[in-house]
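K.L.:
Next come the chains, spelled out residue by residue.
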Amino acid sequence: MTNQSDTALSDTAQPDLILVAERVTKRFGGLVAVRDVDLSIPRGAIVSVIGPNGAGKTTFFNVIVGISEPTAGDVSIGGRRMIGSPVRAWVEPFTWFIPAVVLALLATAASYAGLEFFALLGTVLALIALMTMLLAAIVRPLWYMRILGRLGIFRSARPNEMVAAGIGRTFQNIRLFANMTVRENVLVGMHLKLKANLVDAFLSTPRSHAEEASAEKRAEEMLALVGLKGRGDGLAKNLPYGDQRRLEVARALASEPSLLLLDEPTSGMNPNETAEMMGLIRKLRQELGISVLLIEHDMGVVMGISDQVTVLDHGEKIAEGTPEVVRANPKVIEAYLGKPAT
Amino acid sequence: MTARTVAPRGTGSPRTAFFQFTREHRSLSIILAWVVIGLALPAIVLLPPLSTFQNQVVWVDGFALSGVYILLALGLNIVVGFAGLLDLGYAAFFAIGSYTFAFAASPQAITHLNIPFWPMLVVGALVAALFGILLGAPTLRLRGDYLAIVTLGFGEIVPAIFLNADAYTKGTNGIGGIPQPQLPCVGSVCVHFTFLDPFPFYVTMLGILAVVMILIYRLQDSRLGRAWMAIREDELAAASSGINTITTKLLAFALGASTAGFAGVFSASKLGNVTPDQFQFAVSFTILAMVVLGGMGNIWGVVIGAFTLYTIQSVLLKELNQFFQGQHVPILQNIDFVQYQYLLYGLALVGMMLLRPEGLFPSNRRRRELHQEAAEDTELAPPTQEIGDS
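Here the protein sequences come in this chain order: A and B.
Counting in numbering that gives the first Met the number 0, the first sequence runs from 0 upward without gaps.
Counting in numbering that gives the first Met the number 0, the second sequence runs from 0 upward without gaps.
Hints listed in this document are in silico derivations from the structure and should not be mistaken for laboratory results.
These numbers were taken from a predicted model, which means no experiment stands behind them.
Where a beta carbon is used, it is the ideal one built from N, C-alpha and C, also for glycine.
Do not take every clue at face value.
Claimed, not checked - Examples of chain A residues lying across from chain B (beta carbon under 10 Å, computed):
1. P51
2. V162
3. A200
Unchecked claim - Some chain A residues flagged as far from chain B (calculated, every beta-carbon gap over 10 Å):
4. G29
5. I66
6. A71
7. L102
8. R149
9. P239
10. Q307
11. I317
12. R326
Based on the sequences and whatever the hints tell you, model everything.
P.N.:
Spelled out as structure tokens, the structure:
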């Protein structure tokens, strides 16, 4: 254990597990949408979470991408705890005020010592320190998170921090940037991989030009990979439905994730399109070596492609294992088809 | 397909060639455009119908002040047009820029500093940017109507503070005696900024506008501009693409505010005084109307919108008064059109929203958003890159 934030991780931290969710529970008032669900995704595997409508699949999904905070439970990525109940959160406000208080005390001391200039300087610095820390608490830049880590404070990651940690996702109801071009959609996905800052933008530096050019080239490659070659200039909203889903995959891939989360990638597709999408998912694993988590309600879709299937019903895990094992499980059959009349 | 798509790219009409040139050398085009505009405007007002309204010096003085509003509209366009954050209190940052310069330079302010105009142009922008972040931070979780209401509140708070902090700001009287910019003489050539001669202000404003526009265009095309667009389209999807929506929105507020800071410093120096009533809600509203009229998101459209509205407000309404008084038309001759300017704005906004919601000169993107049938994209497609793909 080198990193302090690793301490909360389970003792079974195997390096080949890319995502580990432990005892994830999400409560909405009296309703328990997800209860004590465990899930681990081995590197390079295709894992599916299935269940009938209302089983809590999407709630679970939203927890592991950082959109909604779990009531209890942890999610770790690559052995690092990313989401879970806060640890020593009460310490955090102290980090906002201590630098300012120290500077203010120094300024007071200086004013007693008759050092007018240093008293003024200290006051100004104290104000700046206070504002900087408060702003950092909102923006959460890397250095601030590092300070929190040093102090043993843990806060759940935000969606964009989950992307930085290597999670790419798509949405159940397609959420493309409809009025941007197909290429721009992919370029937005590359946001974290681009380094140009405000100064680069203002001065229009050669560095930023080179970066943009190579990003556009990469975007074109991404589009070719998902089968949208040469469609970059059209508007995202003008694509046919199936292609919009492909574009969402391309956008998620643009952040170079090690794990791709797909929320019902085939919903609303005809059998033909569904087969194509499954082919694409297989191809992604083969060519890019990324792991995939599929959320589906249609059992048939995922059986042929998954290495491991987890079945949720009423927020609880009722079965887990290879597709064959799950298919034969009487609880699963019951959840999908109802209790046999005996 | 239409004939437009058949025309070969680049070699066709002068219009195509013109647009291609502006795309390839945009910064140069902007500078050239402002040079041409800068030379043309003082000349045009010497022509008959315009020359009868007011003399050239008054016209140019108005142009310099209209530049302030163009700057404000450009800045608000970053917040509203690019990032999609409706800000109804934008005049607050204008006020902060103005008062910053007043405190830094006016001998009548209690600070008794005497900092010259040029460095303060930058400092004023930075101070305004800081307040942009401060006022933006509490609004980060809000969207749409709620955001508009909170910003409306800030827009009222800031002038109210300047009004009531009597001891520092002299309340309603404001701070006067704000000095004009000064330039060292080059050889025997001296430029004096005075109230009587608007030309130096006019040229300075043209320069500021050219620089600000170049920077805003570059922002729009940068990674940040794309992130703003993405947030405007779908905030959750943007966050799930790795965009730190909080930083990105704060940057929109900060950069929008800094543009208002420029405008504030310039306007304080041009007018020579600042008073709280220069920053009423009506100012925020006017700037927003300018952005909407010109076409949200389109930089040149916003410039034209701001210029048009300002000119109507400051010149044409007065001329309308004069005209109808001369005509002895029963009712119209008794109407003071200047008094009715906000009624006219209101009517214009209602008409705009019904007939042309995307503004007079919309960005292609806005037009697509508001007209689902989306006409063919008129922009030239960049050459498709050939990727050696299996």
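K.L.:
Take the hints in turn and mark each one as holding or not.
P.N.:
For each hint, the structure was consulted:
At a threshold of 10 Å, the smallest CB-CB gap from P51 (chain A) to chain B is about 25 Å, leaving the interface hint violated. Because the smallest distance between the Cβ of V162 (chain A) and any Cβ of chain B comes to about 4 Å, under 10 Å, the interface hint for this residue holds. Because the beta carbon of A200 (chain A) sits about 4 Å from the nearest beta carbon in chain B, less than 10 Å, this interface hint is met. Taking the minimum C-beta to C-beta distance to chain B, about 26 Å, the non-interface status of G29 (chain A) holds against the 10 Å cut.
The beta carbon of I66 (chain A) is not kept farther than 10 Å from every beta carbon of chain B, the shortest such distance being approximately 7 Å. Every C-beta of chain B lies more than 10 Å from that of A71 (chain A), the closest at about 24 Å, which supports listing it as non-interface. Non-interface call for L102 (chain A) relative to chain B: holds, since the shortest CB-CB distance, roughly 18 Å, exceeds 10 Å. Residue-level check passed: R149 (chain A) sits 22 Å from the nearest beta carbon of chain B, beyond 10 Å.
At roughly 15 Å from the closest C-beta of chain B, the C-beta of P239 (chain A) stays outside 10 Å, upholding its exclusion from the interface. The claim that Q307 (chain A) lies off the interface holds: its Cβ sits roughly 24 Å from the closest Cβ of chain B, which is beyond the 10 Å cut-off. Interface exclusion of I317 (chain A) from chain B stands, the closest Cβ pair being 29 Å apart, more than 10 Å. With a least CB separation of 32 Å from chain B, R326 (chain A) remains clear of the 10 Å interface cut-off, as annotated.
Hints 1 and 5, counting from the list given before, are not met by this structure.
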